[in-house]
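**Q** This is what each chain is made of:
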Amino acid sequence: MRNPKFCLILAVILAAVVNGFSSVINPYYYDILITIGINVILAVSLNLVIGYTGQFSLGHAGFMAVGAYFSAWMTGRYGVLFGESAPATGAIYVLALILGGLAAAFAGLLVGSPSLRLRGDYLAIVTLGFSEIIKGVIQNAEPLGAQRGLGGIVQHTNFFWTFFGVALAVYGVLTLVHSTYGSGFLAVRDDEIAAEAMGINTTKYKVLAFVIGAFFAGLAGGLYAHFKQFIHPEGFNFLKSVDIVVMVILGGMGSTAGVCLAAALLTILPEVLRMLSDVPWLPEPARHLADNRMILYSLLLIVLMLNRPQGLFGRLRFGAGKP
Amino acid sequence: MIEFLQQLINGVAQGAIYALIAIGYTMVFGVLRFINFAHGDVYMLGAFAGFYTAPGILKIFGGGPSYAGAAAVLLTAMVICAGIGVLIERICYRPLREHPRLTVLITAIGVSLLLGSGGQYVFGADPKAFPEIIADAAIELPTSWGSFSTLTITIGQVLVVGCTLVLLFVLKTVVLHTKTGLAMRALSLNPTAASLMGVNLDAILSFTFAIGSAMAGAAGVLTSIQQPSIDPLMGVSAGLKAFVAAVLGGIGNIPGAALGGLLIGLLETLVVGYVNPTYRDPLVFAVLILVLLFRPSGLLGKPEREKV
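Those protein sequences? They're chains B and U, same order as listed. For what it's worth, our numbering labels the leading residue of the first sequence as 1, then goes sequentially. For what it's worth, our numbering labels the leading residue of the second sequence as 1, then goes sequentially.
One or more of the hints may lead you astray.
Using C-beta positions, here's what the derived DEER-type ranges look like [to be verified]:
#1 B:269 x U:136: 44 to 52 Å
#2 B:292 x U:273: 37 to 45 Å
#3 U:196 x B:299: 33 to 41 Å
#4 B:142 x U:193: 32 to 40 Å
A few chain U residues that face chain B, going by a derived Cβ cut-off under 7 Å, partial list only [as the list claims (entries may be wrong)]:
#5 103
#6 106
#7 107
#8 189
#9 190
#10 207
#11 275
#12 282
Hints are computed from structural coordinates only; laboratory data are not their basis. The beta carbon of each residue, even a glycine, is placed where N, CA and C say it ideally should be.
Work out the full structure: start from the sequences and follow the hints.
**A** This is how it looks when you write it as structure tokens:
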């Protein structure tokens with residue numbers, strides 16, 4: 001990207017313009033578009049942790065849950081604090097999104113600072129365990145709906161806010177890893193011991209990647225909660241984390257453009273597979289692919305790792321130049 | 001008091017299962033230094049191997065539930081799982097031996113997901129009733145034991161603990177008193193030096209996977225004797241808890257894995273009995289985080305230094 005700030009402003013204006021036309025978009029496609037946006041934020045932020053810093057996290061859905069529940073709780077409780085006009089509730093919504101992100105970032109700090117002293121494999125299981133703990137706490141928290149899930153959330157999320165979030169996440173991650181300060185992330189990924197010997201505080205970089213990744217995951221969670229209007233602890237389980245991990249790996253670890261593309265493709269894929277079930281001449285197994293997409297994903301993971309560890313679009317870049 | 005004892009008995013039976021699974025994690029980690037995520041799913045496949053072979057095998061042994069038949073089912077499941085373990089290593093892990101750790105880790109997660117979701121496709125996602133391979137009943141305790149005679153100990157529990165002890169003993173003999181075991185220990189100390197001394201790396205790795213997976217297969221059948229409801233995703237949570245057990249005992253350390261399994265089984269049963277069943281899984285993970293924070297090498301493990 002030659003001029004990142006210009007691209008960011010352009011993207012935000014574009015999002016605002018498209019948002020003006022959102023009423024003419026078919027609701028089904030609109031739903032998919034918003035979901036793509038949310039998944040792109042999740043995948044891009046996880047890519048900062050896995051792709052750029054080389055730390056494996058299996059708990060991204062946990063951070064998303066923190067953001068979703070915090071922001072939904074806040075708009076539910078303080079939504080009409082400044083009156084019931086649209087700008088007043090909208091302001092609370094934006095504030096809830098940011099605070100939800102910060103709450104998730106704090107959770108990221110809590111997981112990160114003790115466990116990032118550990119080696120990769122342990123980290124995967126600790127992050128997985130931590131997201132299970134988050135889920136367990138939510139399941140027992142009565143103000144958050146416990147096992148019944150939290151409903152009645154006002155729908156605030158629209159095209160503009162979603163893609164404003166996407167633009168922020170992409171801009172934030174790209175400019176961060178391309179800055180002088182950000183090369184520390186890549187150094188930690190490429191050789192942790194050498195980076196440490198060069199005087200880089202590896203733990204600090206790992207924790208920072210976690211905290212920033214968690215912030216955007218929390219933001220995505222807030223967007224998700226205020227779009228679907230209902231959230232449930234099981235919606236943020238291990239399989240949701242795996243979904244995000246597959247997006248990152250398929251797109252290519254350390255390639256933000258590739259990861260964005262993969263997130264969009266993997267959001268559309270289940271919908272396409274679902275259409276297959278209506279095609280009468282297809283053999284029986286092919287028509288049930290939508291229910292068995294995990295088989296497809298896991299095979300993709302194994303085959304990619306064995307033959308193409310850089311992912312499908314690992315060489316894809318935004319604009320010309322460095323990764 | 002009696003109730004507490006009862007919980008302890010249940011906990012030991014549950015812990016024996018975790019111990020068997022944890023051994024597979026710890027052995028593979030010992031020689032390859034990586035976590036075989038798919039191990040929990042091999043345990044699930046062990047239960048299903050028993051499920052599909054038991055009716056045929058029991059017919060050979062006279063139709064009804066019998067100890068000889070149960071032993072045959074157990075051995076069959078162990079052999080099948082050993083084969084699966086060797087195949088997984090051969091196809092998925094061997095080509096990646098020189099690759100970055102992250103690549104191997106992701107592959108292992110992929111294999112785990114494939115076995116779980118493939119199992120849902122092949123076996124069906126609904127829970128299945130495991131056939132009765134032994135007549136499981138509570139053992140009558142002598143009334144002279146006073147209030148202790150009200151304790152419930154089932155034949156299944158005794159069998160699980162007994163089988164685990166026998167398997168542990170066999171394992172100890174193999175690891176400590178055979179040439180293969182010597183080669184395994186050499187590999188876990190220093191792979192390069194061991195290869196230079198003529199240890200066949202590929203053969204030993206296959207053997208390690210075979211043993212670990214056989215143990216998981218045995219755990220799969222043994223657990224189904226006690227809780228005869230099996231489903232293709234049963235391996236995920238059991239596998240994770242067994243992994244926590246392996247870490248708690250000190251990963252790479254076989255007696256540690258057995259001890260860790262026992263402790264996790266006890267903890268889990270006590271939490272369900274006295275605290276709140278929904279806290280069962282989160283608490284096990286909390287144990288993992290605490291162990292990694294305060295004693296990363298586990299209860300019996302030795303601290304390891306990262307080498308350049």
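**Q** Kindly indicate which numbered hints from before are broken by the structure, ordering the numbers from low to high.
**A** 4, 8, 9, 10, 11
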